[in-house]
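2 protein chains.
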Amino acid sequence: MTVIKVAILGFGTVGEGVYRTIESHADDLEAVLGKKVEVAAILIKNKQRERNIRKDVLVTTDFEDILNLPKLDIVIEAIVNKEPTFTFLQKAIERGCHIITANKEMFAHHGKHLIALANEKSVSVGFEATVAGGIPVIQTLRQLLKINRVQQIQGILNGTSNFILTEMREKKWSFAEALLQAQKNGYAEADPTNDVEGFDAFYKAMILSRIAFGEEPNWKDVEREGITPITSELIEAAEKLELRFKHIASISKEGTQIQVTVKPALVGKENPFYHVEGVENAVSVHSDIVGRITLQGPGAGMFPTASAVIEDLAYVCQNNNIKRNFNQTVSAELEQKKGKAKEFWLITGLSKNVIKPSITCIDEISNGVFVIRADKKDLDNLGKLDETISYFPILGEFESEVVSFEEKVSAL
Amino acid sequence: MTVIKVAILGFGTVGEGVYRTIESHADDLEAVLGKKVEVAAILIKNKQRERNIRKDVLVTTDFEDILNLPKLDIVIEAIVNKEPTFTFLQKAIERGCHIITANKEMFAHHGKHLIALANEKSVSVGFEATVAGGIPVIQTLRQLLKINRVQQIQGILNGTSNFILTEMREKKWSFAEALLQAQKNGYAEADPTNDVEGFDAFYKAMILSRIAFGEEPNWKDVEREGITPITSELIEAAEKLELRFKHIASISKEGTQIQVTVKPALVGKENPFYHVEGVENAVSVHSDIVGRITLQGPGAGMFPTASAVIEDLAYVCQNNNIKRNFNQTVSAELEQKKGKAKEFWLITGLSKNVIKPSITCIDEISNGVFVIRADKKDLDNLGKLDETISYFPILGEFESEVVSFEEKVSAL
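If you read the protein sequences in the order shown, they are chains A and B. For what it's worth, the numbering used here labels the leading residue of the first sequence as 1, then goes sequentially. For what it's worth, the numbering used here labels the leading residue of the second sequence as 413, then goes sequentially.
Warning: the hint list may mix true and false statements.
To be verified - Some chain B residues flagged as far from chain A (calculated, every beta-carbon gap over 10 Å): (1) T552; (2) W585; (3) K596; (4) I647; (5) Q669; (6) K675; (7) E682.
Claimed, not checked - Taking CB as the label site, the calculated pair distances span: (8) V80(A) - H525(B): 50 to 60 Å; (9) G255(A) - K459(B): 21 to 31 Å; (10) A443(B) - Q90(A): 50 to 60 Å.
Said to hold, decoys possible - Footprint (simulated), chain B over chain A, 3 or more residues, beta carbon under 8 Å: (11) 287-295; (12) 308-314.
These are computed hints drawn from the structure, not numbers from a lab. None of these values were measured; they are calculated from a predicted model. Cβ coordinates follow ideal geometry from the N, Cα and C atoms, glycine included.
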């Protein structure tokens, strides 16, 4: 019986989770793959630190040691930053290794290149762990929705932001207090910019766009906003309407145009995202045949992310002769009725006398916080004139929901 | 270029949905499969009825006409009842056709036999459409959670029951009124027994059990109860506690013992099932590496079900040399902490003086409706003595939820 030799780059939360899972699930891997999976080497940064790793595993700070192993089948990358990881993975592919990555920033930037290179060398690239942690959204889009034409994907893709929003609402905390808690729990970095300003969700949205539509928009055209504009007061006002703030990445294609936004929005009780709380992630896929399917689960953490990597490993080993076709999904035009719900907004910083005829004030929820009905264009124009204005779309799927929302608001 | 020749058995909602989808997605199928998919024949019951079917399709009431087609690759079955469908599908396999079925009753009874026969003949069996309509739960379990050991599956698997419960709560309707509406909408049959007594969900649970654990319990050992014991009064009482009735199939393995229950239960706001409303289905899979993943989507309907069939068709065509291993999934023992939440019950028909020391009455919600904490065994014993007693478990995932629930209840 042959053995599958694996190297793990990085031994942080994800790297260690992958190592432990390969050890604990050795029998399952062998049962499914018909071969033993063996961790041959681990790339680390700091040789001094004590680690619980089997004696026969090569532990090194030099990637060249790993490349020079006599046998190496799969390289699993669980580091951060674009470099030197991109260089490492290119070298791994050149050597003929399959690669699996959990690094969204690197993969959003260089995924296309890595996949092209892998196709050339007839190896596979697994990247399930780059989006939504343990939720198998990449494989659902690639393997399970082959004939369905994806029309829109919406997702809560950043667990840290969702945790902060949840804590702010539940504990009536300020953003700063909730962020501190997220840092204490290990959900947020010392510098939280990547999470709270929406960069992390943006990278994931680009990866999803590529999977669903075969391409991504010009990065500069993407509206990206983090959760920092959301105050406790806004959250409280939203609660009066039974609405919750969620940080949502939305990816759709209208005609040949891919539309991506990554920003806070308000959702009502009937929206599947309303109840996605804490560090959970969720992804809702709207396709033409099946309609809307929502997947919810742990978006981060040692073992959920390791799960995505390990399932990729099984997939890669079982399918390593199947070439990836990254541009397979055909997309159809988005139904016209979509987006209607975006006509409702929660807005603050707006004086009532500024409201133009095209903007309907439906209700003042609390001092200076309004629910309005308006076109986005008009609000964008207002926003340009007055920087104190913040506005958030209230999401809903269908016209009837919008109408019932209007009734609810007018009944207040 | 070769052509994949398909026969569709049945031209009801599902059969027609499959036909229309193959027609409308001809280009997508050809792009993905590299071959044209062509409906060669359709089996119907009533030759008199007018149908919108292409002239070159053989439309027949005799299955032998279909078996005798010069070329036939795939037989899609969208009829009801166990027979003659089981016989038809056996013959189709014997002829060397892949089969795809949407018939849960037949598949729960004969799936094992059909798969064994298909393995013998080196053809595939697709049955995604038998469980949870358009939600790809079978393939998620088979393809995406290969290494994860499934520990528990819970599901809202019967859209009709969920619709009735939703209508009863939202519109304060009686069971009879809600059932009538379900029948008007085409969600329930004239004889609704199969749905409202839990048989449909039971069949689906048996199919899930086989996929997740490679086997199923003795059918007679399964606790199966429908939604008929749930009155408007009970629903109202549950609402006071912010709990909702859901009809839930639960499949787990403890040691070597497979436990399946199919019955109503109460869920709180934090449970992903709380917000699964109307004809939607949801399936929550708890596995050892990733934790809990929940899939939600349309559980029935012409196109959601057709979607499942069509995706099976793509899968079968792309994987027709891969033998199914139905017993692949290894299961681990369920964590001990599970099931603790089952100690809380909503109970009616119980006089306070019957309560034994082992049963703690936490609160009387309305006249004769109590929240209690008790062991199931004690309640089962009480139930045997007094047939007027009905009791429903209140679900929760973790101890902390139970505790917070207890706090909530005692604060009432």
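Check each numbered hint from earlier against the structure, then list the numbers of those it violates in ascending order.
-> 1, 7, 9 and 10
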